[in-house]
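Colleague: We have chain F; now place chain A onto it with these hints.
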Amino acid sequence: MAALRLLLLLAAASLLVVASRGDASGAGPRGRKLLVLVDDLAVRSSHSAFFGSLQARGLDLEFRLADDPKLSLHRYGQYLYDGLVLFAPSTPRFGGSVDQNAVLEFIDAGHDMILAADSSASDLIRGIATECGIEFDEDPEAMVIDHINYASTEVEGDHTLIAGDDLIQSDVILGSKKIEAPVLFRGIGHAVNPSNSLVLKVLSASPSAYSANPKTKLASPPSLTGSGISLVSIMQARNNARVLISGSLDLFSNRHEKAGNEQFVTETSKWVFHERGHLKAVNVAHHKVGETNEPSMYRINDDLEYSVEIYEWSGTSWKPYVADDVQIQFYMMSPYVLKNMSTDKKGLYSTSFKVPDVYGVFQFKVEYQRLGYTGVSLAKQIPVRPYRHNEYERFITSAYPYYAASFSTMGAFFIFSFAYLYHK
Amino acid sequence: MAEVEASTTASGGDRLRKASAGVLCAFTLLLIGVLAFSIRLFSVVKYESVIHEFDPYFNYRVTQFLSKSGIYEFWNWFDDRTWYPLGRVIGGTVYPGLTLTAGTMWWLLNSVNIPLSVETVCVFTAPIFSANASWATYLLTKEAKGHGAGLMAATILAMVPSYISRSVAGSYDNEAVAIFALIFTFYLYVKTLNTGSLFYATLNALSYFYMVCSWGGYTFIINLIPMHVLLCIITGRYSSRLYIAYAPFVVLGTLLAALVPVVGFNAVLTSEHFASFLVFIILHVVALVYFIKGLLTPRLFKLAMTFVLTVGLALCFAAVAILVALVASSPTKGWSGRSLSLLDPTYASKYIPIIASVSEHQPPTWPSYFMDISVLAFLVPAGIISCFLPLSDASSFLVLYLVTSVYFSGVMVRLMLVLAPAACILSGIALSEAFNVLTRSMKFQRPRSDDGLPAAEDITPGTSSTAATIAKNGNITKEKTENVSKGRPSKKNRKEKEWVGSSPVRPGMEEKLCVLPAEASAMGILFLIILCGLYVVHCVWAAAEAYSAPSIVLTSRSHEGLHVFDDFRESYAWLRHNTEVDDKVASWWDYGYQTTAMANRTVIVDNNTWNNTHIATVGTAMSSPEKAAWEIFNSLDVKYVLVVFGGLIGYPSDDINKFLWMVRIGGGEFPHIKEEDYLRDGNYRVDAQGTPTMLNCLMYKLCYYRFVETDGKGFDRARRYEIGRKHFKLTHFEEVFTTHHWMVRIYKLKPQKNRIRGKLKLKSSSKASSMRKGAGKKNPWQ
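So the sequence lines, in the order shown, correspond to chains F and A.
Counting in my numbering, the first sequence runs from 2 upward without gaps.
Counting in my numbering, the second sequence runs from 3 upward without gaps.
This is chain F alone, in the form it adopts within the complex:
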């Protein structure tokens, strides 16, 4: 009876484990609650297609005016939202307890943000963008003008509605479906410091574009020109928080139906809110070849196997991540072993190698940084010891002459002393 009960208990426990595992694999990397800050509640309807696509993907939007005095990002030390959509380009200051630092702390706590600026964006918005490594044109009235690649619907005018098709080549950020139609853009351009490894230009202007105030005559050469101008950029912080910064709020609006805008903003927002390109590495395991237990220490010249499972979040579930360039380092001040890991296409990456003939405190390091993906950075410390006193070879062939010499000397000495002492 007791045994049966035990069995039942065990079964229940294992079911529980399975269930909890299923839960874990079902949960995405990010929560679903977004705060949308707008200047004017009209944005809600003028950009309804974009918001609709977010809501259709299960995101929970909360619309607030940017100067709402009750605005707060966190309460009792807990953040209330998992993401921020800042569609308030001209707000001079936020209401409530939110300010530039609060927004930046929100990002540094690992949350995502879409920020749309515009020409005549406020210093607040510019400040947030600068802190993220994006430098808007310093002239507040400037817009990006392109007299060649402008939207065909507006042939006349100042050519500020430009058509951008210089998109970043990345399926992770823009989705696997190619954006055929050009993306229409009217707004302020920005520059990105090329040495800044965290920021990427998603949509760049064409070589014929420049940034200037369309209402005045060009007095001096424009500071931003050509493809150096970025229209939409993304930043992935070191803690994998993602930020998309656009120089135009108009980009997200319902107006440009025929253009590629809708697809562009939908796909990039999927990326920003971690519905794509988020990797997780789990079940790091290493052991000696032929064993299964993880030792606390290796010996020099041991053969070992290392494996890690890497999954990608597809928006609904964790899918195996497949690539052939995931590398493992066996590292002590510099990599002693650097090897590509092979994958079984089900997410498991593994390899085996021989521990180098050097003792010390090594690390298993996986540093996987790929365009658009969150960084995978694993480090696990493992000491490598030299041979124990009884692990060396006992009898070496080349030493036999010495053994023979010592034993024959001993024998000879014995005979000599015997002869010396007892021979008359």
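Please keep in mind that the hints were generated in silico from the structure rather than gathered at the bench.
Check the hints yourself; a few may be wrong.
Examples of chain F residues lying across from chain A (beta carbon under 8 Å, computed) [as the list claims (entries may be wrong)]: (1) 136; (2) 164; (3) 194; (4) 199; (5) 236; (6) 239; (7) 240; (8) 333; (9) 334; (10) 365; (11) 379; (12) 382; (13) 386; (14) 389; (15) 390.
No more than 27 Å apart at the CA atoms, straight line, and that leaves these computed lysine-lysine pairs for BS3-like [what the hints assert, rightly or not]: (16) 381(F) with 752(A); (17) 320(F) with 381(F); (18) 641(A) with 281(F); (19) 366(F) with 755(A); (20) 381(F) with 755(A); (21) 48(A) with 281(F).
Quick caveat, the model's predicted, so the values are computed rather than measured.
Note that CB positions come from ideal geometry on N, CA and C, so glycine has one too.
Modeller: Relative to chain F, chain A alone:
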């Protein structure tokens, strides 16, 4: 020996006297042991039962490991918590003698159900072995000059300040057991020399093995004994006893020494050991010569001599050439840095800053001689004189020991410890002889003429040497008889015969001795007693006041009473309780052992300075500006940086005062660190005259961060001036803990910035920094 004496003097009264003298002697020795043990307990009584200083903490940690994991684990211990990320093979790089001794003591106590903690055993190991050392001193001196001198020397050694400084309770260091091993090895050598017994020769080798296990100073033995053998040969004192004392010792000793992992093949590869092999060869040549001399007639011998001399000289040249070639081909020219600094005192400070940076490797000053051996310095010459009256093998050994150790103590203050036993022995001899002469002359002033011996003890000193002179006079004949008789009689017989040869003959010396007037003798005795009294007072004072501080706890006496500074343990406890187990802590190497032992955190460098480059890396980081330092530390996975700062309470041996060594050691490996950048006109200072490099380096910033908040002026009490830069911020480090008296400050490395800022802000910040720089140019010491 006592038996022989007993058999020669068979009268009943004498036997009773001998027995009571023996009992008295044993009782005195017991008291000496108690004295040696108890005089070292001041540190426990005044402070607490705690391990002292730096190295003892490492030894303590190793002992803990030994007691927990057993000897094989200890032997193969690879420690991944020091020298990150290199690690250290402790089993193969440590002298295991001390650890094994204390571990065995602990195990024995526990197996008889005395549950002492490992720490208690470690704390009291040094006092116990001091008692052993004084007994060994008694034995050694007794071999040379008889019981009286032995007891005197043992008493003096039991409380010599130099030895106390290294063996107070809690000073759990190699020297604590090594001095005992050293004296005991010398005793066994002299004993073998006096008896010619193979048994003692074997014991001698074993004792030498224990010494090799315990301390790197064993090279002193393996050089001193060959020197003495050579001396004996040159002065024509070669005998079969000398051969027995030396040859087995070298062979067995070298074999045994090679068993200790830390010595290993060094026992035959480095030139510290070459002298012993050379003397070994010479000894055999001499033995052969004496053997042949015994076989041949004098005329033939002369002929053979000339022949052998020519051949021998040629062979010698060949051997020397081979030796030189060997030395030249072996790494570091066969000499290790520490040994070279012994031979050439300026070597270390010239070439190896890491050796020169340790204060105990500096040459001592004159006052330290008076501090450490006190009145012995005056008694030693008298001891030398009495060793020459008459000179025996044993007494010549003592003189040689003294002379060499005086030289070595002049090179390195640490080796004062080796001098101390020699000084004690010779002073003991001097005092005992002086008392002998004085008491005897007082006795002879009495009208009754006494042809018996005045004092019971002093039979031995004269005897063996007289025997030696007799042997010298009748050299050829005696050798001959010995050689003839060698083959036939059994071993025991031969031994007895030898004994007869050198058995104590009552020398008629008393008559020749000068007899002093009674008043002068009384005055002399009084004077000597006062001298001894002064010595005792000085020793007790030194033990109580000078050498008992554990250095991890500081005290200061002010008008308010005793003030205790327990900052070190406070900081280590903070680390132990507030950081992750695998976090790495960077500090200057002085604090490495303590951090691993007390805080149980991984350190980058520690007091076992085996990797100069690694230490130089830390030194470079400490002397670099903040950002460069952050990069160095980050590449070593360092989480916390610990600095010791004495500016608030005036603690002089803090990191700022050690900083120039960090610069020197760092600059030795990384030439972009230049010492002159840190000196203003050759002066090292951190006040307003300090150089900008100095005032910007990490060490300065970590030490003086927020220091101005304490008194508003930034007055440094250790340097006695106001500091140069008072208001500054840290960008890559954050202060996480500062102890009560600011003696230890712990900083955490800030993580890398989550985002990289754009240029707009950068421009303004760079403008600010350039403005600051500009301001700095106008007044660089602001």
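Colleague: Among all the numbered hints in the text so far, which are the ones the structure does not match?
Modeller: When the structure is compared with the hints, numbers 2, 10, 11, 21 turn out to be violated.
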